[in-house]
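Asks: Sequence:
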Amino acid sequence: PQPMTTEMGPDGRLYFNEYGGLLKAIDLKTKQVKVIGKLEVFLQQENGFLSFALDPKFTVNGWVYCLYSPIGFDGQSISRFTIKDDVLDLKSEKVLLRYDEQRKECCHHGGSMLFGPDGNLYVVTDAGEVWRVTPSAASP
1 PQPMTTEMGP DGRLYFNEYG GLLKAIDLKT KQVKVIGKLE VFLQQENGFL SFALDPKFTV
61 NGWVYCLYSP IGFDGQSISR FTIKDDVLDL KSEKVLLRYD EQRKECCHHG GSMLFGPDGN
121 LYVVTDAGEV WRVTPSAASP
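Residue numbers (the working numbering): 1 to 140.
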């Protein structure tokens with residue numbers, strides 16, 4: 001396992017993603033780890049499941065935002081998914097943004113995401129750019 005990002009969930013569990021595509025949650029009291037879901041990701045030249053962020057209203061909407069390297073697209077995707085009953089619903093994917101990156105030469109693919117106190121999602125790309133995404137129920 002190669003954990004990339006961690007975030008404390010409102011349910012008291014620690015959520016984390018792994019480079020290879022897994023999203024997991026660990027109960028810190030029992031130490032039990034649960035696989036929430038798996039994204040199919042391109043895994044060469046430092047691409048993979050790079051980061052995630054739980055929506056500030058996660059307990060109400062179950063939304064999780066994922067930064068990952070989709071298969072069949074030369075670049076990264078920022079997508080919103082819904083977690084329901086501890087399962088990542090892959091069919092719920094709403095692509096918010098995709099950006100091209102070359103995949104012919106290695107490396108320096110990466111990024112990170114987190115929600116700011118203003119409710120916006122902040123994305124830092126591997127190039128050091130910072131993007132702000134304003135999510136909403138109608139059009140994230």
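Bear in mind the hints are in silico, worked out from the structure with no lab data behind them. Hints are not guaranteed to be accurate.
List of simulated lysine-lysine pairs, DSSO-like, C-alpha gap at most 30 Å [as the list claims (entries may be wrong)]:
1. LYS38 - LYS84
2. LYS104 - LYS29
3. LYS91 - LYS57
4. LYS38 - LYS57
5. LYS94 - LYS57
6. LYS24 - LYS38
7. LYS94 - LYS38
8. LYS84 - LYS94
9. LYS34 - LYS24
10. LYS31 - LYS57
11. LYS104 - LYS34
12. LYS84 - LYS104
13. LYS94 - LYS29
14. LYS57 - LYS84
15. LYS104 - LYS31
16. LYS24 - LYS84
17. LYS104 - LYS57
18. LYS34 - LYS57
19. LYS29 - LYS84
Each pair of labels, with its calculated beta carbon distance range [claimed, not checked]:
20. ILE71 - GLY119: 25 to 33 Å
21. TRP131 - VAL33: 27 to 35 Å
22. GLN44 - THR134: 30 to 38 Å
23. GLY20 - GLY75: 13 to 21 Å
24. VAL130 - LYS31: 15 to 23 Å
25. ASP74 - ASP11: 21 to 29 Å
26. ARG98 - LYS31: 32 to 40 Å
27. GLU129 - VAL35: 13 to 21 Å
28. LEU97 - GLN32: 14 to 22 Å
29. LYS31 - ASP100: 39 to 47 Å
Backbone N, C-alpha and C define an ideal beta-carbon position, used for all residues, glycine too.
Asks: Look at each hint and say if it fits the structure.
Replies: Comparing the hints with the structure gives:
1. Straight-line distance between C-alpha atoms of LYS38 and LYS84 comes to about 14 Å, which keeps the hinted pair within the 30 Å bound.
2. Simply put, LYS104 and LYS29 have alpha-carbon atoms about 44 Å apart, too far for the 30 Å limit, and the pair is violated.
3. Restraint check for LYS91 and LYS57: the C-alpha separation of about 20 Å stays at or below 30 Å, so the hint holds.
4. Proximity of LYS38 to LYS57 is assessed by CA-CA distance (about 22 Å); at most 30 Å being required, the pair is judged to hold.
5. The hinted pair formed by LYS94 and LYS57 meets the criterion: a straight-line CA distance of about 17 Å does not exceed 30 Å.
6. Using a Cα cut-off of 30 Å, the hinted pair LYS24 and LYS38 holds, with the two alpha carbons roughly 9 Å apart.
7. For the given pair, LYS94 sits about 16 Å from LYS38 by alpha-carbon distance, which is consistent with the 30 Å threshold.
8. For a cut-off of 30 Å, the pair hint linking LYS84 to LYS94 stands: about 15 Å separates their Cα positions.
9. Distance hint between LYS34 and LYS24 is fulfilled; the C-alpha atoms sit about 6 Å from each other, no more than 30 Å.
10. At roughly 25 Å between alpha-carbon atoms, LYS31 and LYS57 fall within 30 Å of each other, so this suggested pair holds.
11. Between LYS104 and LYS34 the CA atoms are separated by roughly 35 Å; this puts the pair beyond 30 Å, and the hint is violated.
12. With a C-alpha separation of about 37 Å, the suggested pairing of LYS84 with LYS104 is violated against the 30 Å cut-off.
13. For a cut-off of 30 Å, the pair hint linking LYS94 to LYS29 is broken: about 33 Å separates their Cα positions.
14. For a cut-off of 30 Å, the pair hint linking LYS57 to LYS84 stands: about 14 Å separates their Cα positions.
15. In summary, the hint linking LYS104 to LYS31 is not supported, as the alpha carbons are separated by about 40 Å, beyond the 30 Å threshold.
16. Between LYS24 and LYS84 the alpha-carbon distance is near 14 Å, which keeps this suggested pair within the 30 Å criterion.
17. For the hint pairing LYS104 with LYS57, the CA-to-CA distance comes to about 39 Å; that exceeds 30 Å, so the pair is violated.
18. At most 30 Å may separate the alpha-carbon atoms for a hinted pair to count; LYS34 and LYS57 meet this at roughly 21 Å.
19. With a C-alpha separation of about 22 Å, the suggested pairing of LYS29 with LYS84 holds against the 30 Å cut-off.
20. At about 32 Å, the beta-carbon gap between ILE71 and GLY119 stays in the expected band of 25 to 33 Å.
21. Taken as a hint, the range 27 to 35 Å holds for the pair TRP131 and VAL33, whose Cβ atoms sit roughly 31 Å apart.
22. For the pair GLN44 and THR134, the beta carbons lie near 33 Å from each other, so the given range of 30 to 38 Å is met.
23. The supplied range of 13 to 21 Å is met by GLY20 and GLY75, whose beta-carbon atoms lie about 19 Å from each other.
24. Roughly 35 Å separates the CB atoms of VAL130 and LYS31, a value that falls outside the hinted 15 to 23 Å.
25. Between ASP74 and ASP11 the beta carbons are some 36 Å apart, a value that contradicts the proposed interval 21 to 29 Å.
26. Taking 32 to 40 Å as the suggested C-beta distance range, the pair ARG98 and LYS31 conforms, at roughly 37 Å.
27. In this structure the supplied range 13 to 21 Å is violated for GLU129 paired with VAL35, their Cβ-Cβ distance being about 32 Å.
28. For LEU97 and GLN32, the hinted distance range of 14 to 22 Å is not satisfied, since their beta carbons lie about 34 Å from each other.
29. A beta carbon spacing of about 41 Å between LYS31 and ASP100 agrees with the range 39 to 47 Å that was offered as a hint.
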